[in-house]
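**Q** Residue numbers (our numbering), protein chains in the order written: chain R, 455 to 562; chain B, -15 to 479.
Be a bit skeptical, because a hint or two may be false.
Taking lysine to any residue pairs in the SDA-like style, the calculated list, with each CA pair at most 20 Å apart, reads [to be verified]:
hint, chain 1, residue 1, chain 2, residue 2
1, R, Lys482, B, Arg316
2, R, Lys482, B, Ile315
3, B, Lys363, B, Gln374
4, B, Lys401, R, Lys482
No lab work stands behind these hints: they were computed from the structure.
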Amino acid sequence: MGTPPSTPPGLPIDADFVRRVATLARLKLEEERLPELTEQFQRILDLVGAVVRIEVPAEDGSLLPALEIGDLRPDEPGPTLARRDLTRNAPAHDGAFLVVPKFRGDES
Amino acid sequence: MAHPLDGPVAEMARRVRDRGDPFTARSLVEESLRRIEALDGRLHAFLHVAADLARAQADRVDAEIAAGRDPGPLAGVPLAVKDNLEVAGLPLSCASRILAGYVAPRDATVVARAVAAGACVVGKTNLDEFAMGSSTENSAFGPTRNPHDLARVPGGSSGGSAAAVAARLVPLALGSDTGGSIRQPAALTGIVGFKPSYGRVSRSGLVAFASSLDQVGPLARTVADAALLHAAIEGPDPADATSHAFEAFRAPAPRTALEGLRVGRVAEFDLGANPDPDVAGALARARRVLGEAGAREVELSIPLGGAAGIPIYYIVAPAEASSNLARFDGIRYGLRVPGEDLEALYAATRGAGFGPEVRRRILVGTFVLSAGYADAYYKRAMAARRALAQQFERAFERADVLLSATTPTPAFRLGEKSSDPVAMYVCDVLTVVANLAGVPAISIPAGVSATGLPVGVQLWARAGHDTQLLRIAHLLEGRLGTPAPIPALTREVLA
């Protein structure tokens, strides 16, 4: 990785910016809490923005030593949870399938 | 005369296994349940007490013994389980409203292994929602209180497990540690908390927060007790591809005696110009005790190991959290808030189901992974993380273990930091880098403050040297002579 910028990105965070990120994150936010959340989001980004001042070596493509994984298990079918174990924890199901709101128009 | 529940775990299990001793697994479980009934109304360490399950498991242990079979090294020992680990048939909430009504269909590998070794699960413990926090105040079901001062936090996110062990409700508990969530609450409640090397313990059945950082470990009153639980749960698991046996890390064998031990003093772990006097005093005493035992102090620098680790951690962890928590969408689990279409249902469910801190971290994680910002934040943080891990590797060429404080201060007051997320994040300055580097670390009791609050010190070792670290921590614990303090409220109910 090249020479780091001398300053953090210094992003101007406003409520509209937070709304856009929330849309990406699939989070509905309460409008009355947006000012406080915007201020907190700005402070968190100021904190983590310090990462741009860290001198790091060029990308070497290596994994972290601790993240090198062991042997993968054989790629063979094995026991799984039963369908009823999965559906009984769902908020809506018809016994065999999860029930979701209609998301395609009538194509007939 | 002390109840066996207050003695060493090995001794309590030995008595249960001794057919000539009238003491049984059932009697241990009943005593644990009695204490929970008497004290947990004030502590709120448990989200769910599993009395029926614990009694059934205890009766199985006693039946095994009566039949002449050995139920294992944890025979009859009551165990509390953090409520982000699956226990078949019990609710699993992660202290979040989004998992309302969820019942685990299976045991986490660590739970299955502990039960196979004879442990009896007495309940699920409180935590910061999805393990995101340092005080257990982020639980959707209310905070846990520190048994040494009910006006103070027990730390987090495994605060329920820590409070349950510290208050002598159970001798052992399981926690998870993504940035200090076992070690920090252990220090603030005066007990032992061990985060194993990444990959040493299976994460199968642990609800993922940050998959490259999460690790399950024990909380206990002594290092020996923690080591017994660790021995029962560790080892490769086909259900977790990141778990492995660490043969590559075993040579050269590190020292396991204090005489001649090289103890790293890392400049970046220094407590600063105005340290908390109780924490600084406990750390200085630990250094002196190690020196008197023949250990040699080695001055080291891990440039990214101190405050620089905070921004790295608070990019990597939220990035992984935002991805892992995408699965909670109102379709497959728990809560559903209706919406006019699928997207509106997702957003409404997640907005209502997640608490403020989880929402903040999902937002930060989504942002640092988004197009246009991922290079500046996430990729840079990962490069810094690699550099940090290499710095740890170099440090362990010159030292067998590192010694530091576990926390900058003793337990803070409930509400003191809960409105300021950045102030809360900075509390993790002495713990997060162990997770970033994947190395094992343990917090042990090192005395109490002038006001009676526990203080811990932390030992760190090279990845894979978990057993050796436990041995050294056991030796230091013996030399320090500052066992886990008994809270005043616990004395009210001791048998």
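**Q** Does each hint hold? Answer for all of them.
**A** Hints and how they fare:
{"no.": "1", "hint": "R:Lys482 / B:Arg316", "in the structure": "holds, 19 Å"}
{"no.": "2", "hint": "R:Lys482 / B:Ile315", "in the structure": "holds, 16 Å"}
{"no.": "3", "hint": "B:Lys363 / B:Gln374", "in the structure": "holds, 17 Å"}
{"no.": "4", "hint": "B:Lys401 / R:Lys482", "in the structure": "violated, 25 Å"}
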